[in-house]
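Protein chains: 4
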Amino acid sequence: MKVLITGFDPFGDESKNPAYEAVKMLPDTFEDIELVKVEIPTKFYKSIEVLKNHIEKEKPEVVICVGQAGGRFTVSVERVAINVDDARIPDNGGNQPVDQAIVEGGPAAYFSTLPIKAIANAIREGGIPASVSNSAGTYVCNHIMYGLMHMINTQFSEIRGGFIHVPFLEEQVLDKPNMPSMNLDSISKALGIAVKTACAVELDSKQTEGTIC
Amino acid sequence: MKVLITGFDPFGDESKNPAYEAVKMLPDTFEDIELVKVEIPTKFYKSIEVLKNHIEKEKPEVVICVGQAGGRFTVSVERVAINVDDARIPDNGGNQPVDQAIVEGGPAAYFSTLPIKAIANAIREGGIPASVSNSAGTYVCNHIMYGLMHMINTQFSEIRGGFIHVPFLEEQVLDKPNMPSMNLDSISKALGIAVKTACAVELDSKQTEGTIC
Amino acid sequence: MKVLITGFDPFGDESKNPAYEAVKMLPDTFEDIELVKVEIPTKFYKSIEVLKNHIEKEKPEVVICVGQAGGRFTVSVERVAINVDDARIPDNGGNQPVDQAIVEGGPAAYFSTLPIKAIANAIREGGIPASVSNSAGTYVCNHIMYGLMHMINTQFSEIRGGFIHVPFLEEQVLDKPNMPSMNLDSISKALGIAVKTACAVELDSKQTEGTIC
Amino acid sequence: MKVLITGFDPFGDESKNPAYEAVKMLPDTFEDIELVKVEIPTKFYKSIEVLKNHIEKEKPEVVICVGQAGGRFTVSVERVAINVDDARIPDNGGNQPVDQAIVEGGPAAYFSTLPIKAIANAIREGGIPASVSNSAGTYVCNHIMYGLMHMINTQFSEIRGGFIHVPFLEEQVLDKPNMPSMNLDSISKALGIAVKTACAVELDSKQTEGTIC
Chain A
1 MKVLITGFDP FGDESKNPAY EAVKMLPDTF EDIELVKVEI PTKFYKSIEV LKNHIEKEKP
61 EVVICVGQAG GRFTVSVERV AINVDDARIP DNGGNQPVDQ AIVEGGPAAY FSTLPIKAIA
121 NAIREGGIPA SVSNSAGTYV CNHIMYGLMH MINTQFSEIR GGFIHVPFLE EQVLDKPNMP
181 SMNLDSISKA LGIAVKTACA VELDSKQTEG TIC
Chain B
1 MKVLITGFDP FGDESKNPAY EAVKMLPDTF EDIELVKVEI PTKFYKSIEV LKNHIEKEKP
61 EVVICVGQAG GRFTVSVERV AINVDDARIP DNGGNQPVDQ AIVEGGPAAY FSTLPIKAIA
121 NAIREGGIPA SVSNSAGTYV CNHIMYGLMH MINTQFSEIR GGFIHVPFLE EQVLDKPNMP
181 SMNLDSISKA LGIAVKTACA VELDSKQTEG TIC
Chain C
1 MKVLITGFDP FGDESKNPAY EAVKMLPDTF EDIELVKVEI PTKFYKSIEV LKNHIEKEKP
61 EVVICVGQAG GRFTVSVERV AINVDDARIP DNGGNQPVDQ AIVEGGPAAY FSTLPIKAIA
121 NAIREGGIPA SVSNSAGTYV CNHIMYGLMH MINTQFSEIR GGFIHVPFLE EQVLDKPNMP
181 SMNLDSISKA LGIAVKTACA VELDSKQTEG TIC
Chain D
1 MKVLITGFDP FGDESKNPAY EAVKMLPDTF EDIELVKVEI PTKFYKSIEV LKNHIEKEKP
61 EVVICVGQAG GRFTVSVERV AINVDDARIP DNGGNQPVDQ AIVEGGPAAY FSTLPIKAIA
121 NAIREGGIPA SVSNSAGTYV CNHIMYGLMH MINTQFSEIR GGFIHVPFLE EQVLDKPNMP
181 SMNLDSISKA LGIAVKTACA VELDSKQTEG TIC
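Chains as they are written, first to last, in UniProt numbering: chain A, 1 to 213; chain B, 1 to 213; chain C, 1 to 213; chain D, 1 to 213.
Next up, chain A with everything else stripped away, as it sits in the complex (with noise of 0.2 Å):
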């Protein structure tokens, strides 16, 4: 199988990015699995555009796109995108749309279709934390994601995809305190094992991962 892993390219006051970081630590093989990674500008739109250029060329069976998730504890899986991008600062071109659609008159969200709860318990077993999330904030994380599953229901039908976010690096944390955050080691096994999961598992586990608010 074809998997195609994307990280972004640091933003904000930010000098590296532990998506993309952890991206490229990766294998470029696992057993019978082709792991094509791929580096993405923090940008609305083009990020998009390349996204769509590489599944183009790769003709991937999965995607995985990475994003930073700064305060959050454990790697998490996003279930859903949703149709509105609201940037609280400009992304990497200037952009900094505010309460826009991703794709005028495109459904309100869009489910992952990769196997959510398996991949956050096969990373929690790797005894590292992990967690389904129900919201992938409303930057370029939610909008490549919102991109790629609109791409995926509208024209390429036997991909599937979703988004992981994983935590800060440990030394993007030494002067923020009272910060989570993950050792990048940590980060690129648990993108491993969820590249894994996302081949090996068609079906979805149903276990309860919910969250009351």
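Keep in mind the hints are simulated off the structure, nothing from the lab. Since this is a predicted model, take the numbers as computed values, not measurements. We treat Cβ as the ideally placed atom computed from N, Cα and C, and that holds for glycine. Don't take every hint at face value.
Stated by the list, open to error - Calculated pairs, SDA-like style, for lysine to any residue (alpha carbon to alpha carbon, straight line, at most 25 Å):
no. : chain 1 : residue 1 : chain 2 : residue 2
1   : C       : 176       : A       : 154
2   : D       : 24        : A       : 126
3   : A       : 2         : A       : 94
4   : D       : 16        : A       : 12
5   : A       : 206       : B       : 106
What the hints assert, rightly or not - Which residues of chain B face chain A? A partial, calculated answer using Cβ under 8 Å:
no. : residue
6   : 45
7   : 86
8   : 178
9   : 210
As the list claims (entries may be wrong) - So these bits of chain D aren't anywhere near chain C, every CB distance computed over 10 Å:
no. : residue
10  : 9
11  : 39
12  : 58
13  : 103
14  : 142
15  : 158
Start from chain A and add chains B, C and D according to the hints.
The following block gives chains B, C and D in isolation, referenced to the frame of chain A:
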């Protein structure tokens, strides 16, 4: 104008629910706004049925459902409800659906039709912490919000509606370390501001309240 | 009985200090308790001098100093003050001592002589989150508490005294994400309970309020 | 130089203690530093006795005790130990002292004689979150730190010593929501840096690491 505002009854290990506690403290009228206050059972399915009966009987122009969000720091105005039930604990009727659609074949999500930015802003101007939230969870709160928006979209198109989550009361966190809480008077005052803003503002303000992730 | 209760003036980026805001709302008497309320400058050295002047003038039987603890979830009754100033930011007089003894040759620490467990317990019984804290920090709050206890131990042995930290006010956290806050009425009510308990309870209750770390 | 470094055994509901897990991964020597690694029982009284036996037998020049601080985000170098036991849960021997002096008639507190600022700084320079802490709690960690400093002050004046708290391991927080954790390799690397810095730095750096409260 007539506003129907609902609050859930207590669930889980709690003996009070700040939602209905705060709702029932509201006056019956704000100038020309008539307020109908209803307690709703924290039960999947039944909650939507009860809500529907009250909507049909009262014919309100605005519906605001309110629920408890233990762990939140602010009064949070929900942006979106997703079409999934995933219950970490059983509801008050013993139901614990996992990864089930709320409306089979319904859209993946509905956006609130309340002026969510204007409401959050007005509450903050009243001196009370408030924010826009991008996830109402996957429990009965998200369930009733999705149910409400589905009814609005399919039957009651003239109604505007949405959901607001409120923090634990101070008395609920006495034995919960590092758990945020809010004074009952503040919560109730915030809901009063929300009611008035929902009636006064047709077009939501375009100010960012976005979340990176 | 006569109680001297003090609150600091605003410091850092804040325009209010919840400590004196809450202190000044207290009544002048509780039954047979006379309450003297004083605002103290958030300045190393000067704060102790001002406190000493008021103690000499008022001859109180109980002294309670109150300060702001941004980030705390509860009204926290301090157990101990340590003999060190280590200022992360300058005080209101521009002083920023680092690792300096408050009293050269003084003991490493002084314990509060207020009934700290009884006070925390009584505040919780009043429905307001409270706890015993084992660190008053290393800024002006710890400084004045150490100064107070040093005066009590060396000059005013008949006085009982200690320090209470209070959370940010709601209005102080409107632009601070994930920051706990407390309603001003609740803080002031808690301080009133503290005053009454400090006067009524000679021997502190022996109930654990310990912290693993 | 000879360094004695200790870690506690697991306590409470935990099956591992990151303290000794990380200590035992350290090498036996760092250049000219000989490292003696000892596991200490998480028991009041007994822990100090065991520590004393090892000090008398090994005659180290530096002693660093290490313990688990569930809920902390950083490797935290403790500044001070206070003369009180106040146990929220029983220790591994069933002892649960409440508000008892560790050393009857002993001073209220002892400061660490390790270069705490230099250690925290060196760990951060190694890319790992670290800070100075002003409270070691009131459980067995504070108990052994106070006991160590009391022995140093009364019997072993040539020894320098102190205490370091470490976060939960990643595997300990898999079922604890919103709980910070740290990779075992990072914790152990941080302790190695602490050992080397404690041996190399006689006079601590004067940089603020103060806490407002």
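Here is how each hint holds up against the structure:
Among the hinted pairs, residue 176 of chain C with residue 154 of chain A is inconsistent with the structure: their alpha-carbon atoms are about 41 Å apart, more than 25 Å. A C-alpha spacing of about 22 Å is found between residue 24 of chain D and residue 126 of chain A, which places the hinted pair at or below 25 Å, so the restraint holds. Of the pairs offered as hints, the one joining residue 2 of chain A and residue 94 of chain A is violated, with about 34 Å between alpha carbons and a cut-off of 25 Å exceeded. For the given pair, residue 16 of chain D sits about 38 Å from residue 12 of chain A by alpha-carbon distance, which is inconsistent with the 25 Å threshold.
Taking the CA atoms of residue 206 of chain A and residue 106 of chain B, the gap is about 20 Å. The hint holds against a cut of 25 Å. Given hint, residue 45 of chain B at the interface with chain A, is violated; its Cβ is 16 Å from that chain's nearest Cβ, farther than 8 Å. Taken as an interface hint, residue 86 of chain B checks out: its beta carbon lies about 3 Å from the nearest beta carbon of chain A, inside 8 Å. Taken as an interface hint, residue 178 of chain B does not check out: its beta carbon lies about 10 Å from the nearest beta carbon of chain A, beyond 8 Å.
Below 8 Å, beta-carbon pairs count as interface contacts, and residue 210 of chain B has one with chain A at about 3 Å; its hint therefore holds. Once the 10 Å rule is applied to beta carbons, residue 9 of chain D is consistent with being away from chain C; the minimum gap is 15 Å. At the 10 Å boundary, the C-beta of residue 39 of chain D stays outside the reach of chain C, the nearest C-beta of that chain being 18 Å off. No Cβ of chain C comes within 10 Å of the Cβ of residue 58 of chain D; the nearest lies about 26 Å off, and the non-interface call holds.
The Cβ of residue 103 of chain D sits about 13 Å from the closest Cβ of chain C, beyond the 10 Å cut-off, so the non-interface label holds. Not every Cβ of chain C is farther than 10 Å from the Cβ of residue 142 of chain D; the closest lies at roughly 8 Å, contradicting the non-interface assignment. Under the 10 Å C-beta cut-off, the non-interface status given to residue 158 of chain D relative to chain C holds; the minimum distance is some 20 Å.
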